[in-house]
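Colleague: Going line by line, the protein sequences match chains Y and G.
Each residue of the first sequence is one higher than the last, beginning at 1 in this note's numbering.
Each residue of the second sequence is one higher than the last, beginning at 1 in this note's numbering.
In silico lysine to aspartate or glutamate, EDC-like type, Cα no more than 16 angstroms apart, as pairs:
1) K130(Y) - E157(Y)
2) K198(Y) - E178(Y)
3) K130(Y) - D195(Y)
4) K53(G) - E152(G)
5) K208(G) - E157(Y)
6) K41(G) - E314(G)
7) K208(G) - E160(Y)
8) K130(Y) - E160(Y)
9) K516(G) - D461(G)
10) K208(G) - E69(Y)
11) K208(G) - D116(Y)
12) K397(G) - D450(G)
Estimated spans, in silico, between C-beta atoms of each pair:
13) S204(Y) - T559(G): 47 to 57 angstroms
14) R215(G) - E35(Y): 33 to 43 angstroms
15) K41(G) - D116(Y): 49 to 59 angstroms
16) Y388(G) - H339(Y): 51 to 61 angstroms
17) H85(Y) - D250(G): 42 to 52 angstroms
18) Q469(G) - D106(Y): 33 to 43 angstroms
Partial chain G-side listing against chain Y, Cβ under 7 angstroms, derived:
19) V206
20) A207
21) K208
22) V256
23) G258
24) P470
25) N524
26) M564
27) D565
Don't read these hints as lab results, they were simulated from the structure.
Fair warning: this is a prediction, and the values are worked out from it, not measured in the lab.
Note that beta-carbon positions come from the ideal geometry of N, C-alpha and C, so glycine has one too.
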Amino acid sequence: MKSFKFYQYLFVGLFLVAVLSCTPDPVETPLGAYERGVLIINEGAFGTNDGEVYHYDREADAVTSNIFERVNARPFAGLVQQLAHYDPYFYLVANTGKVEVVNATDFVSVGAVNSDALVIPRALAVAGQKLFISDYGPYDDQWNNPNSFVAVVARREGGEVYKTIPVPSQPEGLIVVESRLLVACASGGELVVIDTQKEEVVSSIPVNQGSPYSFFNFDGQIYLYARNASHVYFHLLNPANFSITDTKEIPLANSIYNGNFALGENGTIYIIQTGGTTDRIVAVSLLTGQILNENLFQGPNFYGVGYDSAQKNLYIGDNAGWQSNGKVLVVNDSGILQHTLEVGKGPSGFLFR
Amino acid sequence: MFGFLVTVLFSWFPVGDVLGITPADTVELGTVEVYSDSLGKYAMGQYILRFGKESLEEFGGQSLGDFLQARSGLFLRQYGPGMVASLTMRGTSVGHNAVFWNGLPINSPSLGQMDFSILPVEGFDLAQVHFGGSGALYGTDAIGGSVHLSNELVFNQGLSFRTSHRFGSFGTFHNQVQGSYSNSQFSSKTQVYRQQAANNFSFTNVAKIGTPEERQNHAAVSQWGIVQDLARNLSAQTQVSTSLWWNVNDRQIQPVMGSSNRDVQQDQNLRWVADVHHFENNRVWNLKTGYVSDQQVFNEQADNRTNQFFLSGELDWDLSKMLQSKSGVRLADIRGNLSTFSEDELRVELYQSTNFRPTEKLGLSMNLRQLIYSGELAPFTPSLGIEYTVLEYGQHKISGSAALSRSFKVPTLNDRFWIPGGNPELLPERSLSGEIGLGYLYTRESWKLDARVTYYRMAVDQWIVWLPQPSYWAPQNIQEVNNQGLEIFLNSDIPLSFGAIQLTVNHAWNATQIIKTGDSSGSNNGNQLPYTPAHKSQGTVRLKNKSMGYFINTHRIGTRYISMDNQTSLSPYLLVDIGIDRKWSLGKKMVGSVGFQANNILNTRYEVLRLRPMPGRNFQINLTISL
Numbered sequence: 001m002k003s004f005k006f007y008q009y010l011f012v013g014l015f016l017v018a019v020l021s022c023t024p025d026p027v028e029t030p031l032g033a034y035e036r037g038v039l040i041i042n043e044g045a046f047g048t049n050d051g052e053v054y055h056y057d058r059e060a061d062a063v064t065s066n067i068f069e070r071v072n073a074r075p076f077a078g079l080v081q082q083l084a085h086y087d088p089y090f091y092l093v094a095n096t097g098k099v100e101v102v103n104a105t106d107f108v109s110v111g112a113v114n115s116d117a118l119v120i121p122r123a124l125a126v127a128g129q130k131l132f133i134s135d136y137g138p139y140d141d142q143w144n145n146p147n148s149f150v151a152v153v154a155r156r157e158g159g160e161v162y163k164t165i166p167v168p169s170q171p172e173g174l175i176v177v178e179s180r181l182l183v184a185c186a187s188g189g190e191l192v193v194i195d196t197q198k199e200e201v202v203s204s205i206p207v208n209q210g211s212p213y214s215f216f217n218f219d220g221q222i223y224l225y226a227r228n229a230s231h232v233y234f235h236l237l238n239p240a241n242f243s244i245t246d247t248k249e250i251p252l253a254n255s256i257y258n259g260n261f262a263l264g265e266n267g268t269i270y271i272i273q274t275g276g277t278t279d280r281i282v283a284v285s286l287l288t289g290q291i292l293n294e295n296l297f298q299g300p301n302f303y304g305v306g307y308d309s310a311q312k313n314l315y316i317g318d319n320a321g322w323q324s325n326g327k328v329l330v331v332n333d334s335g336i337l338q339h340t341l342e343v344g345k346g347p348s349g350f351l352f353r
Numbered sequence: 001m002f003g004f005l006v007t008v009l010f011s012w013f014p015v016g017d018v019l020g021i022t023p024a025d026t027v028e029l030g031t032v033e034v035y036s037d038s039l040g041k042y043a044m045g046q047y048i049l050r051f052g053k054e055s056l057e058e059f060g061g062q063s064l065g066d067f068l069q070a071r072s073g074l075f076l077r078q079y080g081p082g083m084v085a086s087l088t089m090r091g092t093s094v095g096h097n098a099v100f101w102n103g104l105p106i107n108s109p110s111l112g113q114m115d116f117s118i119l120p121v122e123g124f125d126l127a128q129v130h131f132g133g134s135g136a137l138y139g140t141d142a143i144g145g146s147v148h149l150s151n152e153l154v155f156n157q158g159l160s161f162r163t164s165h166r167f168g169s170f171g172t173f174h175n176q177v178q179g180s181y182s183n184s185q186f187s188s189k190t191q192v193y194r195q196q197a198a199n200n201f202s203f204t205n206v207a208k209i210g211t212p213e214e215r216q217n218h219a220a221v222s223q224w225g226i227v228q229d230l231a232r233n234l235s236a237q238t239q240v241s242t243s244l245w246w247n248v249n250d251r252q253i254q255p256v257m258g259s260s261n262r263d264v265q266q267d268q269n270l271r272w273v274a275d276v277h278h279f280e281n282n283r284v285w286n287l288k289t290g291y292v293s294d295q296q297v298f299n300e301q302a303d304n305r306t307n308q309f310f311l312s313g314e315l316d317w318d319l320s321k322m323l324q325s326k327s328g329v330r331l332a333d334i335r336g337n338l339s340t341f342s343e344d345e346l347r348v349e350l351y352q353s354t355n356f357r358p359t360e361k362l363g364l365s366m367n368l369r370q371l372i373y374s375g376e377l378a379p380f381t382p383s384l385g386i387e388y389t390v391l392e393y394g395q396h397k398i399s400g401s402a403a404l405s406r407s408f409k410v411p412t413l414n415d416r417f418w419i420p421g422g423n424p425e426l427l428p429e430r431s432l433s434g435e436i437g438l439g440y441l442y443t444r445e446s447w448k449l450d451a452r453v454t455y456y457r458m459a460v461d462q463w464i465v466w467l468p469q470p471s472y473w474a475p476q477n478i479q480e481v482n483n484q485g486l487e488i489f490l491n492s493d494i495p496l497s498f499g500a501i502q503l504t505v506n507h508a509w510n511a512t513q514i515i516k517t518g519d520s521s522g523s524n525n526g527n528q529l530p531y532t533p534a535h536k537s538q539g540t541v542r543l544k545n546k547s548m549g550y551f552i553n554t555h556r557i558g559t560r561y562i563s564m565d566n567q568t569s570l571s572p573y574l575l576v577d578i579g580i581d582r583k584w585s586l587g588k589k590m591v592g593s594v595g596f597q598a599n600n601i602l603n604t605r606y607e608v609l610r611l612r613p614m615p616g617r618n619f620q621i622n623l624t625i626s627l
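Chain Y extracted, bound-state conformation:
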């Protein structure tokens, strides 16, 4: 009996060795060069199309410049409005009229939307296999954009725009909620809901407080950020019909015009307040609608802000008055400067990985 068990164990053991030896090793793909760290969006200066993405390796404390050009051996050649992440790709939206699609791991170019239909693209969202791109459309003689639209592309890797959906003026941020695409139309003062299957507008919700800029999720709920010269507004949306159910109105004047802000810990939001020669980082509470710190950090030429939840640091983009390349000021949540990074032209946003 013992002998039988021995052979039984031996057999099972040999079987396992044989089977396991024939099974491929677990895949151990090395991390892509840009899968960790901070991606810094440098918008670029008007008329020069010198927008780029820089990478900051926190552990090595090293900045890699121009990663699009470095990887793809050609300049990005556009003004970067947004770096959207939808695995397995990054989408670099250029407000000069194109979208570049790169692998999210290594930034290798895999496609693009180079369509004459794009005029001034602002943001991109992916729904299924489709790309939806908000676009200001052309300016009229009063520098308004009466013919704004959302462009639709059939493939996640890019291609031609096969349909445009008219929306109110100056569409900015997008968010996909199940089969719906929400569009924040800044000048139109509306939140537009698009059916991503039928590719048509199904409802429009007026936003009476502030110009709507962008959407974000917090604590399982969808918020719409809006601003005007005297206030910022956080509108809580009803997930069923996207109507505004609650609004936090905060008396923060001169919030930066590009609608940049950063969501920190426990509903703390950091907003740039512009002030001529001196700009400030103001901390406000999404939960209470109160200003927590009206001058967390100050300096000139603030343009972008991001929050690194891993290290609890604020990243503040300084555009150097658009006279040259900018820098990023890394500040802790007490407002103490940790270090400064030399980056590209007009650092406007951050993506932490």
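Starting from the structure of chain Y, add chain G where the hints point.
Modeller: Below, chain G without anything else, positioned relative to chain Y:
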């Protein structure tokens, strides 16, 4: 103060007779050419480069910007073929050079600069470039130097007729028709030109995935214009002349790679000038009036117009062989009707120039100028120049020169009044510059070698920069830049048994050092200004005989940084052009020439400004007929 200034400026007026200086022979007309001021007369110590009609005609159908880029040591920021071209001189900004047409300042008062792409070479007969700060001679903008365009009329030439035609690559054609008539009392010249270019050259579109080879498809330019010159001798001592130039330019704006812009721009420029010259003993009186109207319409929407009316009076007086004096006053009534504002301005300028030649070898120029704009005093601008013949032996002559000058730039109408952002409190930009030069001249029969080296230093402050504000951009007097550099000029004529060789070499070294800029961190201090190459070289070899001409021309533009941080740069490039020209005649009356040019024969892929491609190898055929 003002009274004192006027006294100083005009103190030369009566002294000739009072001092009993013997007048030179009376100046009388009857010469072949219509009288024009000698540009360099009061510019001792500085260099003036001259380009005559023969040189300019090789660029028929092209702009002064194209010409200067290819045939001088000057660098122009070209946004594409036929697109905006802005001149930088001695490392200063594109608004730091003054441009004159027949003595009228024609820089846009709203932009404070000139687009050299809308100055077709057909519009003038002579182009002169005055290197170095010369605010005391010319007024506002002449910080790095100045460019002077003029029309030259002649008497006693009878009736003549000339046509010029050019066809080339990328949909280029140019037609020009000119007729002139002159006798001993009257001279008239009329010319009409029309040119266009599709600019559909191929380029590598690095902004697209796969970097496809594409054809430029939104860069077409068309241009036409008319030039009318008239002159008449009213008496043996009085001559009147007038010129009119109307130029219309219509272009698609070549988009920067990666952009899908479809902008268009129309420019219309009307320039008119009238002169009365009265010659009296050793004095030349000049009364000049003129009108300059510029209209620029962008995307058929933004309509920007400026009108300038000028009136000036001037006395140029040779008091003795040792002493010469020029005194003058210029009034300018400027009316701006821009897309966001309307503003008028009156400018008054008083100036005095004096030459003193104590010996034949030594000459000094002293110039003084005070400009008043909208009731504000611009910086008082003096300049001093000196020339000295160090050695004159046989056919050799070595001369030394030096100059020291202050210059300024009145803030543009846009700087002060643009809505939003214009800042009426802006101060004029100002500069202090000094230079020393060494010249060598060798002449023997038909041999000639003319070489000159100039070293300069310059400091510019209160430099206006537009900086972002909470809601818009606004200008400030914030930047300071120090420049230094070296300019080399060489011209040589070498006679051969079958003709002659002409050699021209120009080199410019411009090192700019940012002292202070709009970035308060100071991280750019010490850097080279963007799009200001430290080095530019140019050379032409021309072989000519009675009926044939050959040339090879090359220019090399050095590294250009694209922003003040000097982090990214464009590579240097070298272009080579060649050409052949044959003169012909048909009977006794008809003569002409036929020529062929190949430009950029190495097919160099290059960009003057980043992501703005320029044409590769291209060809042109020229035909001129004169009766």
